[in-house]
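J.: Read off the chains here:
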Amino acid sequence: MAATTKATRLSIVTEKLNEPEIERIVVRAGATGYTVFDGSGKGSHGAKTRDRASVVRAFSLVKIEVIVAERAIADAIVDEVSATYFGDFSGIVYLDEVEIVRREKF
Amino acid sequence: MAATTKATRLSIVTEKLNEPEIERIVVRAGATGYTVFDGSGKGSHGAKTRDRASVVRAFSLVKIEVIVAERAIADAIVDEVSATYFGDFSGIVYLDEVEIVRREKF
Amino acid sequence: MAATTKATRLSIVTEKLNEPEIERIVVRAGATGYTVFDGSGKGSHGAKTRDRASVVRAFSLVKIEVIVAERAIADAIVDEVSATYFGDFSGIVYLDEVEIVRREKF
Numbered sequence: 001m002a003a004t005t006k007a008t009r010l011s012i013v014t015e016k017l018n019e020p021e022i023e024r025i026v027v028r029a030g031a032t033g034y035t036v037f038d039g040s041g042k043g044s045h046g047a048k049t050r051d052r053a054s055v056v057r058a059f060s061l062v063k064i065e066v067i068v069a070e071r072a073i074a075d076a077i078v079d080e081v082s083a084t085y086f087g088d089f090s091g092i093v094y095l096d097e098v099e100i101v102r103r104e105k106f
Numbered sequence: 001m002a003a004t005t006k007a008t009r010l011s012i013v014t015e016k017l018n019e020p021e022i023e024r025i026v027v028r029a030g031a032t033g034y035t036v037f038d039g040s041g042k043g044s045h046g047a048k049t050r051d052r053a054s055v056v057r058a059f060s061l062v063k064i065e066v067i068v069a070e071r072a073i074a075d076a077i078v079d080e081v082s083a084t085y086f087g088d089f090s091g092i093v094y095l096d097e098v099e100i101v102r103r104e105k106f
Numbered sequence: 001m002a003a004t005t006k007a008t009r010l011s012i013v014t015e016k017l018n019e020p021e022i023e024r025i026v027v028r029a030g031a032t033g034y035t036v037f038d039g040s041g042k043g044s045h046g047a048k049t050r051d052r053a054s055v056v057r058a059f060s061l062v063k064i065e066v067i068v069a070e071r072a073i074a075d076a077i078v079d080e081v082s083a084t085y086f087g088d089f090s091g092i093v094y095l096d097e098v099e100i101v102r103r104e105k106f
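Protein chains in written order, with the working numbering: chain A, 1 to 106; chain B, 1 to 106; chain C, 1 to 106.
Just so you know, not all the hints are guaranteed correct.
What the hints assert, rightly or not - Computed cross-link-like contacts, DMTMM-like style, restricted to lysine to aspartate or glutamate with a CA-CA straight-line distance of at most 20 Å: (1) Lys6(A) to Asp75(C); (2) Lys16(C) to Asp88(C); (3) Lys6(C) to Glu21(B); (4) Lys6(B) to Glu97(C).
Rather than coming from a laboratory, the hints here were simulated on the basis of the structure.
Could you build all of it, start to finish, from the sequences and the hints given here?
T.: What follows is the structure, given as structure tokens:
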């Protein structure tokens with residue numbers, strides 16, 4: 001098996017207009033890099049209602065992926081996103097564990 | 001550590017022409033939102049043969065990601081995709097577990 | 001619950017110019033298919049320094065995702081990427097486990 005090390009992948013899916021601010025937060029927290037993918041979102045992303053039968057709207061979004069060897073950096077980004085947007089963040093944030101192949105890059 | 005809750009991420013990678021039908025299935029199953037990314041697929045995606053040395057074809061595809069707090073919703077989508085396409089679904093469907101930051105959004 | 005089987009997802013994020021070589025490696029290793037997403041990378045991806053305050057550069061990249069039922073195929077790809085680029089690979093490689101819905105496709 002390839003020699004791997006556990007790491008945390010943080011995914012932030014949000015409206016494209018939030019991209020510059022999120023990027024600043026990510027870099028400031030100490031992540032060594034991140035990747036951005038353009039996509040589109042539909043449904044009730046960003047709304048709290050489940051009554052979305054009549055309002056399926058589409059909008060541009062980005063997914064920002066950050067992989068960090070130290071979970072603490074991911075947590076710092078999450079905290080800063082929460083503090084910056086005061087709960088009004090239009091997007092979703094989630095984490096999962098991955099195995100990275102070259103530990104020295106993160 | 002950031003307060004998180006376990007959730008299921010369902011990923012459906014399929015030809016772009018299937019996107020509207022998949023979206024209908026996702027919304028009907030009760031997912032509160034989903035995201036779509038354009039990509040391209042190559043190799044023998046969709047074919048059952050492993051003899052692909054001479055036929056590496058490229059085609060447009062989409063990846064539809066759905067994150068649900070209840071695994072049952074992901075399962076309902078999988079079942080409905082299977083029922084709709086009768087085993088002729090050209091694409092791949094897989095699930096993994098993620099930690100979401102704001103439980104109330106899903 | 002939907003009947004699923006464990007599989008390995010290999011993600012290779014690298015500069016777009018590396019795409020054809022990576023694709024050759026993936027197919028040669030026996031993967032039955034893969035998907036490619038265009039994105040952009042920023043930060044110090046590919047550099048070993050953490051002193052990136054003044055050099056946040058952006059560049060085009062691709063994410064190549066390969067899902068294999070046999071972990072050995074993912075490992076073979078990782079080994080071949082390492083052997084091909086001799087440690088000078090500009091990108092990141094990581095693995096995680098997913099549950100695939102139709103085992104016979106991989």
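J.: Within a Cα-Cα threshold of 20 Å, do Lys6(C) and Glu21(B) meet the stated pairing?
T.: Violated: Lys6(C) and Glu21(B) sit about 27 Å apart, past 20 Å.
J.: Is the straight-line distance between the alpha-carbon of Lys6(B) and that of Glu97(C) 20 Å or less?
T.: holds (16 Å)
J.: Hey, Lys6(A) versus Asp75(C), does the alpha-carbon distance stay inside 20 Å?
T.: holds (16 Å)
J.: Next pair to validate is Lys16(C) with Asp88(C); report whether the Cα-Cα distance is within 20 Å.
T.: holds (15 Å)
Checked against the numbered hints listed earlier, the structure breaks hint 3 alone; every other hint is satisfied.
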